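Participant: The primary structure of each chain is shown beneath.
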Amino acid sequence: MENSGKIHKTKSDVAFNIVVYGLASIALLIVAYPMWFILIASFSDPSAVYNGRVFLWPVDFTLLGYQEIFKRGDIWLAYRNTIAYVIVGTFISLFVNLSAAYSLSRKDLVGRKFITLFFIFTMFFNGGLIPTYLNISDFGLLNTFLVMVLPFSVMAFHIIVARTFFQNLPEDLLDAAKIDGCGNLRFYFIIALPLSKAVIAVIGLWTAVGHWNSYFNALIYLPRAPELLPLQLVLRSILVVNQSTTMWGGDDIAVRAQQIADLLMYSSIVVSTVPIMLLYPFVQKHFNQGVMIGAIKG
Amino acid sequence: MGVKAISFFNSVRKNWGLYLLLAPAIVLLILFTYKPMYGITIAFKDFNTSLGITDSPWVGFKHFERFFNSFLFGTTIRNTITLSLYNLIVAFPLPIIMALCINQMRVKYFRKVFQIVTYMPHFISTVVLVGLMLLVLSPSVGVAGLVARVFGVDPVNLMAIPEAFRHLFVWSDVWQNTGWDSIIYLAALSAISPALYEAADIDGASKFQKLLYIDIPMILPTMIVLLILRSGNLMNIGFEKVFLMQNSLNIMQSEVISTYVYKIGLLNMQYSLSAAVNLFNNVINFILLITVNQISKRVSNSSLW
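Read top to bottom, the protein sequences are chains A and B.
Residue numbers for the first sequence, in this note's numbering: 1 to 298.
Residue numbers for the second sequence, in this note's numbering: 1 to 305.
Where hints are given, some of them may not hold.
What the hints assert, rightly or not - In silico DSBU-like pairs for lysine-lysine, Cα to Cα no more than 35 Å straight-line: (1) 241(B) x 210(B); (2) 35(B) x 107(A); (3) 197(A) x 62(B); (4) 108(B) x 197(A); (5) 297(B) x 107(A); (6) 107(A) x 241(B); (7) 11(A) x 62(B); (8) 4(B) x 113(A); (9) 14(B) x 197(A); (10) 178(A) x 14(B); (11) 112(B) x 197(A).
Stated by the list, open to error - Far from chain A by the CB rule (all over 10 Å, computed), these chain B residues: (12) 55; (13) 101; (14) 130; (15) 146; (16) 163; (17) 193; (18) 216; (19) 217; (20) 234; (21) 291.
What the hints contain is simulated information worked out from the structure, not anything from laboratory work.
Predicted model, so just to flag it, every value in this text is computed and none were measured.
Glycine residues also receive a C-beta, built at the ideal position from the N, C-alpha and C atoms.
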């Protein structure tokens, strides 16, 4: 097929290739450069960044920004909190959503249509911010660890995707297991789940990335719990709230403090983003498959 | 009814394990998603914390009228719609174009690098994205200042220009998600039968013709489903990014319904007004989704349900 394409290569095809690779190269540069800039700036001397000397490689290499992170107790606490939310939250979410999804994938489940609708409805309608907040407050869950991992762990979309996956398991499997006297619970835990690593990986990654990156729930439900704050809220105060990079003035000590604060922005971005990016390659091979399932059944 | 009920109970007895597996999700949804829907009634009441939701006095549409008459009504609605329409128009077609391009890449190494790099920004959090924008666009330390100095013009702080807010919001979204959103189209493209291309080759079709007459028609159903999903969320512009990008300078361009609901509700403690604004938004959204879904059912036979 490739060969016949080459034989027929015409002028218009060459022009077409130039357009495709040209556009792609420009897009590649636009996407990659800001990330690259942050990375090299985090290893560069702040005054070199300020003077615009940092362009392609780190200038006056330094680890000062990373040393500064080690000194910040709040960052480490927040880091630890976020890791706990990611692990506990992903575990709860996976258990709850996969179990529901498996049940809904079974054609012999009476009431299946109604229950599915019960889940899907929550994708498009909810009580809104204040009623939900008052409800959490009524349960006494404000400013607790639990509010970050339990109340909002049900994800209708994840259930639909996992259900579609389970529906594709061969039916003979269940029939054979039933003949051997295997109950529904045992079949789910011992046979269905081990065969579903792809969908577990995909949904697990979605959930973990969501937990790692979100700040909304913490902003709303942890108003008076500084010891429970996740990384993203601490990052917010470092990166967004205290933005004052426009002016450098005052004496040498003030300038130095400002320089270190700037450097901290670059290094904290790197430290908070690299771990979650590294997760992706591990589950990548399952990924296209998972997205496909989602695409087919929306 | 009686027969149905009996068959339901028989089924529960026979398949109790399945209902047990469903239980955690259902209980959580009832407690934390459905129960607050009852709380929506405070939009029609003068909510008083000491009286609770049930005993607070009914006031009808008072809070809705307050919202419709407030000077922020027009502003928030206009900002919400402009922002999401602009985002839809730009951010919808670009992943399609990107997927069509990736699909044409025959240099394997380039294709792989391209995909990995363009997927990466998807994993960046909203906080970091906005922080990155502030740094990169900063006139003193950022790339923007650098570029300005190279061209010998005075660097401007884009984040401080109210009119720039919209463009920054939409194009930073494009930067972050175009690669990731193209995956779904790429999956659809990879499912196209090679026989179609072989037939086109025999007819002497050029690459561009194959793209135009095979690739695009074949991914049209995927495009329609995603368009419905996106249009159904038209009034649901995300809170997280807008809230972080807001500052006192751009507030008249950047105040959208979700940020307004947060401010009057949680910061000013006007619970009932906030709930009313929120409900108004949710209802419009719901109507939009159903309408778009119906239209697409008629026109193209593709729909969500």
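Participant: Are the hints correct? Go through all of them and say.
Facilitator: Here is what the structure says about each hint:
1. 241(B) x 210(B): 39 Å, violated
2. 35(B) x 107(A): 29 Å, holds
3. 197(A) x 62(B): 53 Å, violated
4. 108(B) x 197(A): 28 Å, holds
5. 297(B) x 107(A): The given pair, whose Cα atoms are some 26 Å apart, holds under the 35 Å limit.
6. 107(A) x 241(B): 41 Å, violated
7. 11(A) x 62(B): 69 Å, violated
8. 4(B) x 113(A): 14 Å, holds
9. 14(B) x 197(A): Roughly 28 Å between the alpha carbons, so the hint for residue 14(B) and residue 197(A) holds.
10. 178(A) x 14(B): It holds: about 12 Å lies between the C-alpha atoms, which stays within 35 Å.
11. 112(B) x 197(A): 24 Å, holds
12. 55: Since the minimum Cβ distance to chain A is about 14 Å, residue 55(B) lies beyond 10 Å and the statement holds.
13. 101: 5 Å, violated
14. 130: 6 Å, violated
15. 146: 5 Å, violated
16. 163: 20 Å, holds
17. 193: 12 Å, holds
18. 216: Given a closest Cβ separation of 15 Å, the condition holds.
19. 217: Check passes; 17 Å lies beyond 10 Å.
20. 234: 12 Å, holds
21. 291: 13 Å, holds
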